[in-house]
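Here is what each chain is made of, one letter per residue.
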Amino acid sequence: MTAVKRDLDLQRLLDIPDPFEDAARSVPPTVAIGRRPPSPSRSRVRALRASAVGAALAYDAFWLAFFRVHEGGRSTTAVVVGATIPLVAGGLAWSAAVRRGARGLGPAVGRIVGLTVSAVSLFALGTLLFSPVNADAQASFWQGAATCLIRSLVFVAGPLVLTALAFRHSFAAASTLKSASLAVACGALAAVMMNFVCPDNTGFHVLVGHGAVMVLAGGLGALVGRWVAQA
Amino acid sequence: MVEPTHNLQRYLPVVPAEASRTPDPSERALDDAMSRYAQGDDGAFDELYRRGAPRTRGFLLRLCGDPALADDLLQEAFIRVHRARGSFGAGSPAIPWILAIGRNVFRDHMRRARARPATTATANGDDEGTQPEAALDTQGDEALAAREMLEVVRRTLAGLPVLQREAFLLLRFEGLSVGEAAAVLGASEGAVKIRAFRAYEALRAALDDSAGKGR
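Just so you know, the protein sequences line up as chains D and U, in that order. For the first sequence, the numbering used here assigns the number 44 to the initial residue and increments by one for each residue that follows. For the second sequence, the numbering used here assigns the number 50 to the initial residue and increments by one for each residue that follows.
Simulated from the structure, these hints should not be mistaken for laboratory data. Take the hints with a grain of salt, since some may be wrong.
[Said to hold, decoys possible] From the structure, some residues in chain U lie toward chain D, with a derived Cβ separation under 10 Å: (1) Q88; (2) A102; (3) R111; (4) Q124; (5) G135; (6) I150; (7) A195; (8) R204; (9) L206; (10) F217; (11) L220; (12) A231; (13) L234; (14) Y249; (15) L252.
Heads up, the beta-carbon is just placed ideally off N, CA and C, and yes, glycines get one too.
Please build the complete structure, drawing on both the sequences and the hints.
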């Protein structure tokens, strides 16, 4: 199949005649203008998305106050690093979805997949590299991870809903992949919040308790993306 | 007697090669209309529709094979263009974006048709009433052969998997580059080339088979 990839092969498509040449030339019926529902202009869409980001941060700030920011036990550097890693990962995933691309249809699918997988990988590798290793395996590991996972699901719920509203009917192409990328970014924001709430910053706990939400949210985004975000 | 297909090339439309694709003034006017419409200028819709609808309808017609269905899908496509106008990127080409929406409309229609197979027999171009039309100004054997050839193409296109059909149509009839077609279809360029080439092979084989039988 390598021969197919040569541009020369595309010229051969011209051999095939167009069976609908005349039918395709006929004048299309006029669209019923009165039936058009209201739709936001570009500036309103921008404003809507900015509002959604603001509202998502406010939502997470509320839950941050509710769960209470963890005090003491960790250095400022550890807290900053713990927040920076998911923040960068989220930025990568977000950019995969919202970049315009050369043709206005977003980046190439390979790039979307690459950036999204890189975001999750960056979080996993960064966490394992910069977080302390569990000194001793605790029996309560899964219990602690499950508690944090539930809290991270609370943190991600609001941003997911707001993002879905802000990007409703937005993607003309690759809506499933782009929705997954946006959802991964929302998961990364939840991981940032968990860094402030949870006192346990050991590698595997952060990975499972704080980071699994990125994968779960991404899966959900991929599942519902076509219905929500497809133009 | 049906002539071999290569003798009929003079009746066939010429499409620009991939490398030579550049936006013509009409396409630039369409881009401008879409851009104004995305900015909230409702008055630009008429020009957008006038310039964009014929090409979108052509794409949908070739996809579904049914003129009446293509008209319905076109209406739905432009409703969606209207709904999503705020997401259209400033300075982007309009045609790939509109065709991508048209493709979404068609695929959604196909999904609905699969869910209600008894009521949508024409979705795959299985309709008996739709006949291919060709720009023929000749009579006799050549005209008959050309008409027969177009019928073979229509039937084979209708029987192709949708992924192959849409890739082939975008490259062959809509004049998109491989990169544009890949962006419209949400696939890699390599995948688009392979799909289009497989469609081409199926169509070529059907035409050769038809020409062989005619001799």
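Quiz item: Given L220/U as an interface hint, is the shortest Cβ-Cβ distance to chain D below 10 Å?
Solution: With a closest approach of 6 Å, the L220/U hint holds.
Quiz item: With 10 Å as the cut and Cβ atoms as the points, is R111/U at the interface with chain D?
Solution: Holds. Min distance 5 Å.
Quiz item: Was the hint right that Q88/U lines chain D, CB cutoff 10 Å?
Solution: 6 Å, holds
Quiz item: With a cut-off of 10 Å, does the beta carbon of A102/U approach a beta carbon of chain D closely enough for the hint to hold?
Solution: 4 Å, holds
Quiz item: When the nearest CB of chain D is found for G135/U, is that gap smaller than 10 Å?
Solution: 3 Å, holds
Quiz item: With a cut-off of 10 Å, does the beta carbon of Y249/U approach a beta carbon of chain D closely enough for the hint to hold?
Solution: 5 Å, holds
Self-check item: Hinted contact I150/U with chain D - closest CB pair below 10 Å
Solution: 5 Å, holds
Self-check item: Interface hint for L252/U, Cβ within 10 Å of any Cβ on chain D
Solution: Because about 5 Å separates L252/U from the closest Cβ in chain D, which is inside the 10 Å limit, the hint holds.
Practice problem: Answer holds if the nearest beta-carbon of chain D is closer than 10 Å to that of L234/U; otherwise answer violated. | Solution: Because about 7 Å separates L234/U from the closest Cβ in chain D, which is inside the 10 Å limit, the hint holds.
Self-check item: Interface hint compliance - A231/U to chain D, C-beta minimum distance less than 10 Å
Solution: 7 Å, holds
Quiz item: Holds or violated: is the Cβ of R204/U closer than 10 Å to a Cβ in chain D?
Solution: 9 Å, holds
Quiz item: Quick one, is the Q124/U hint okay against chain D at 10 Å, beta carbons?
Solution: 6 Å, holds
Checked against the numbered hints given earlier, the structure satisfies every one of them.
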